[in-house]
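Those protein sequence lines, which keep their order, are chains A and B.
Mapping to the numbering used here: the first sequence position 348 is 409, numbers consecutive.
Mapping to the numbering used here: the second sequence position 364 is 373, numbers consecutive.
Wrong hints could be hidden among the right ones.
To spell it out: a stretch of chain B is covered by chain A in this simulated footprint if at least three of its residues, at any positions, have a beta carbon under 8 angstroms from a beta carbon of chain A; those stretches are [said to hold, decoys possible]:
(1) 49-56
(2) 59-67
(3) 123-130
(4) 282-289
Derived, one-sided and incomplete: chain A residues facing chain B with beta-carbon distance under 8 angstroms [as the list claims (entries may be wrong)]:
(5) Pro159
(6) Ser267
(7) Ala380
(8) Tyr480
These are computed hints drawn from the structure, not numbers from a lab.
Note that beta-carbon positions come from the ideal geometry of N, C-alpha and C, so glycine has one too.
Spelled out from the first residue to the last, the chains are:
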Amino acid sequence: MSLNHLTIHEASDGISKGTFSSAELTQAVHQHIARVDATVHAYQTVLPNARPNTYALRANAGNATSVLQGIPVAIKDNICTENVVTTCGSRMLENFVPPYSATVMTRLEDHGAVLVGKTNMDEFAMGSSTEHSAFEPTRNPWDPQRIPGGSSGGSAAAVAAHECIASLGSDTGGSIRQPAACCGVVGLKPTYGRVSRYGLVAYASSLDQIGPLTKDVTDAAIMFEVIAGYDSHDSTSVTMPVPEISRSLHRDMTDIRIGIPDEYFGDGLDAEVEAGVRAALEVLSARGAKTKVVSLPATPYGIATYYLIATAEASSNLARYDGVKYGYRSAEAQDLMEMYRQTRREGFGAEAKRRIMLGTYALSAGYYDEYYGKAQQARTMIRADFEAAFQEVDVIITPTTPTPAFRLGEKLNDPLQMYLSDIYTISANLAGFPAISVPCGFSHDGLPIGMQVMGRWFDELTILQVAFAFEQETNWHLRRAPLSEVGDA
Amino acid sequence: MSDYDVVIGLEVHAQLQTNTKLFCGCSTAFGAQSNTQTCPVCLGLPGALPVLNSKAVDMAIRTGLALNCSITTPNQFARKNYFYPDLPKGYQISQFDRPICEHGWVDIELDQGGQRVRICRAHLEEDAGKNMHQTGVGVSHVDMNRCGMPLLEIVTEPDLRSSDGAVVYLKTLRDTLVYLEVCDGNMEEGSMRCEPNVSLKPKGQEAFGTKVELKNINSFKFVKHALDYEIQRQAAVLTDGGKITQETRSWDPERGISVVMRSKEEAHDYRYFPEPDLLPVEIPEETINALRDRLPELSKAKCERFITEYALPPYDAALLTSSRPLADYFEACVAGFQNPKTVSNWVMGELLHALKNDNIDVGSSPMKPDRLVALMTLVEDQTISLKTAREIFLDLFRSQQAPADFVQERGLTQISDDGALETLIDDIVRKHPSQCAEYQGGNEKLLGFFVGQVMKSSKGKANPQKVNTLLQQRLASEKVAT
Chain A
62 MSLNHLTIHE ASDGISKGTF SSAELTQAVH QHIARVDATV HAYQTVLPNA RPNTYALRAN
122 AGNATSVLQG IPVAIKDNIC TENVVTTCGS RMLENFVPPY SATVMTRLED HGAVLVGKTN
182 MDEFAMGSST EHSAFEPTRN PWDPQRIPGG SSGGSAAAVA AHECIASLGS DTGGSIRQPA
242 ACCGVVGLKP TYGRVSRYGL VAYASSLDQI GPLTKDVTDA AIMFEVIAGY DSHDSTSVTM
302 PVPEISRSLH RDMTDIRIGI PDEYFGDGLD AEVEAGVRAA LEVLSARGAK TKVVSLPATP
362 YGIATYYLIA TAEASSNLAR YDGVKYGYRS AEAQDLMEMY RQTRREGFGA EAKRRIMLGT
422 YALSAGYYDE YYGKAQQART MIRADFEAAF QEVDVIITPT TPTPAFRLGE KLNDPLQMYL
482 SDIYTISANL AGFPAISVPC GFSHDGLPIG MQVMGRWFDE LTILQVAFAF EQETNWHLRR
542 APLSEVGDA
Chain B
10 MSDYDVVIGL EVHAQLQTNT KLFCGCSTAF GAQSNTQTCP VCLGLPGALP VLNSKAVDMA
70 IRTGLALNCS ITTPNQFARK NYFYPDLPKG YQISQFDRPI CEHGWVDIEL DQGGQRVRIC
130 RAHLEEDAGK NMHQTGVGVS HVDMNRCGMP LLEIVTEPDL RSSDGAVVYL KTLRDTLVYL
190 EVCDGNMEEG SMRCEPNVSL KPKGQEAFGT KVELKNINSF KFVKHALDYE IQRQAAVLTD
250 GGKITQETRS WDPERGISVV MRSKEEAHDY RYFPEPDLLP VEIPEETINA LRDRLPELSK
310 AKCERFITEY ALPPYDAALL TSSRPLADYF EACVAGFQNP KTVSNWVMGE LLHALKNDNI
370 DVGSSPMKPD RLVALMTLVE DQTISLKTAR EIFLDLFRSQ QAPADFVQER GLTQISDDGA
430 LETLIDDIVR KHPSQCAEYQ GGNEKLLGFF VGQVMKSSKG KANPQKVNTL LQQRLASEKV
490 AT
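Could you build the full structure based on these sequences and the hints that come with them?
What follows is the structure in structure tokens.
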């Protein structure tokens with residue numbers, strides 16, 4: 062087994078016992094990137110390993126007691142990294158080098174993590190396949206003909222292909238969990254407000270949340286503990302203390318009540334995915350957890366609600382890419398209006414433009430009440446559904462995605478079909494609560510299947526404990542994607 | 010003109026005197042080199058987030074309370090979306106349907122009597138940057154230092170009926186803002202900006218006419234010019250049977266006219282929606298009460314108190330309370346010197362004259378209240394004469410010296426000692442026997458002559474009142490002795 066196959070906790074053990082060094086570990090990661098990333102294209106930018114970058118230097122001076130000390134991690138390319146280009150998967154920011162780091166990046170550095178590179182993504186995190194990257198699509202390490210999910214497809218693929226030990230993604234409507242499910246890794250979307258968004262290039266501010274993609278649940282807890290917590294730079298971050306989850310993962314399941322919403326097991330759900338999730342529920346029942354059917358009647362409004370709120374906020378968030386101060390500027394323009402028009406025409410891809418137009422429309426005079434206003438009402442209903450359900454159960458378990466990873470190009474020209482990929486993940490963003498996707502099986506053609514565990518606000522502890530209990534009973538998370546084995550002696 | 014009623018409403022942007030910007034820690038100091046007071050937040054860099062400056066919120070509440078507004082809780086920020094090069098995020102963080110202050114009023118004094126001007130709302134928002142156009146080179150630059158400066162936009166109902174009324178309202182509002190120490194009220198530097206809207210309607214008609222908004226008015230003087238121009242313009246159009254177009258016009262002070270900036274058709278749809286990066290701002294009742302308790306006395310109340318408490322003439326009281334620093338100066342002096350009218354005379358006379366002469370504002374006066382008190386006390390206890398005090402004022406004002414030392418060093422101390430004065434008087438009476446006889450013969454006007462001689466021989470240092478008394482006694486006793 063190569064060093065790059067290790068989890069954070071395994072690698073940290075090895076480094077602290079002196080079995081190998083952080084440099085050797087990082088070297089192994091870089092060698093594997095050299096072997097497979099031309100195929101996977103998980104990375105948008107790989108930081109040079111040969112010459113020490115500022116992050117590695119700071120890592121050496123980092124906190125020797127942290128479990129992240131010397132661990133190579135990858136960061137989604139919409140998280141600002143000082144002096145390292147941050148493209149957001151867009152031509153618009155192809156050459157944008159932030160003068161500051163996101164709070165999560167600073168926290169990782171403070172804990173001694175080594176930044177390997179920035180991962181590919183759908184442009185401005187808008188998409189479910191990473192095909193909307195302005196540069197090149199990322200491939201699924203389990204089958205390069207298939208998409209890795211999105212928009213954090215690069216972060217999920219980098220973990221699944223073992224091109225890093227762990228990574229960070231961002232999740233607005235499922236952008237961590239859906240690619241985690243597609244790539245057979247663990248993906249956690251924390252409660253809205255848990256993790257600072259400062260330095261995360263905004264897509265939809267009231268929905269965006271940064272979270273980890275990892276090889277197992279323990280690693281997700283470790284990463285979560287490091288990045289979570291109040292940040293005075295983000296007014297929506299909360300002051301609530303973060304529990305030490307990674308040391309409290311073992312929990313008796315007999316007092317856990319699991320809610321199973323009918324609405325998430327209906328039309329459009331692939332039979333193999335359903336079978337995988339049902340089998341997983343059996344595993345948890347066998348551990349003593351009680352299951353109960355719950356009702357979430359507002360579920361059908363989820364997609365429409367999401368695509369009104371997210372696009373409305375996006376239309377405003379993306380207004381700053383105007384060619385004036387940074388980023389792409391059209392060389393053609395002769396006057397101000399032309400500069401705006403040409404810059405945005407040339408700098409944004411089709412999906413970004415589509416969402417900007419949708420959102421602009423939803424906020425326009427005369428339409429606001431009908432669209433944005435209605436969507437806010439529906440959002441309140443969806444939240445109320447879950448609040449009621451969480452009176453009766455501790456977690457809600459659903460499939461993460463309706464199908465395993467689809468083929469590249471399959472839904473690229475059918476936005477509505479593409480949008481349905483997020484049908485099970487969107488509610489957690491609209492209502493703000495935490496959710497995790499863990500591997501729970503494989504399709505007949507060897508594609509990973511993900512199970513989603515959702516919990517109460519700020520109760521990451523319980524969903525991680527349930528996910529951990531499941532992981533203890535199964536080996537799905539230990540399977541390796543074919544592309545992670547390339548060149549492995 | 011007299012065929013129409015004038016209807017004016019005013020929007021005033023007051024820049025709040027915080028040390029840092031509304032949503033980031035950058036300095037608000039005026040006049041720094043372009044683009045040196047910026048950070049990822051006010052530059053609108055990808056990923057940067059706003060954090061509300063609580064000092065600005067306090068100032069907005071204080072202003073709202075002083076303008077008799079209700080304070081909205083929770084109030085909420087909203088994004089106002091439009092493209093312009095001086096607006097780095099492509100939206101301005103402002104307030105829309107939940108402004109921090111609402112439904113207040115300002116009472117103003119006009120020649121024809123008092124008027125209440127209703128305040129519709131006052132809301133917090135960030136300022137934009139400044140576009141700088143170089144003529145002829147085809148390139149423009151943007152200075153982002155002003156981006157994110159805290160503004161309070163104060164909006165009246167269309168209650169004003171003349172350009173004079175508008176100016177009085179503005180001056181009253183400025184007084185209040187300056188008194189509250191929330192805004193320096195400087196229109197020329199742009200820390201107070203005014204955007205009036207004007208419409209005309211035939212006399213007696215209920216319904217308002219079509220309104221026109223005026224921009225780019227950056228001094229009190231231009232407010233009246235611009236309004237009068239617009240009133241004349243609209244009256245002429247209406248009298249000719251024309252219609253007023255709803256539009257925004259820009260005042261050109263050099264040409265003394267306004268020109269169309271944009272018509273209603275070109276008006277923006279700002280697509281306001283609640284700012285998701287900032288939580289609604291909850292303002293506890295205790296906070297409002299605490300701020301209300303700490304509100305300073307405003308100029309009108311202070312003026313009335315000066316009249317009753319210090320028995321000052323209304324003219325003095327009005328002048329002394331025209332600015333808070335001046336009123337504070339006066340009161341600091343009164344605390345150390347018991348005669349308020351004497352203090353008032355000195356402050357309104359010598360002090361203001363010297364300040365104006367040296368172009369200094371009262372807050373930075375080198376003559377602090379303690380030195381003025383010391384000077385007035387020297388006159389009071391007859392160490393120096395009033396005349397001397399006045400003569401030395403400007404030099405003393407510009408020096409850092411204590412008045413007693415200043416007087417001592419220059420030997421200006423007045424001679425009040427009876428013995429010393431009698432010696433001087435003896436000498437003069439003896440030198441002028443004929444005038445003495447004439448006086449004793451009944452020509453009492455000659456007393457002035459003797460006083461003059463004594464003052465001259467003392468080089469002006471003799472206490473003139475004492476000289477007067479002693480001379481009269483001495484000349485009378487001569488008469489008896491003769």
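Hint by hint, work out which the structure violates, then give me just those numbers in ascending order. 3, 8
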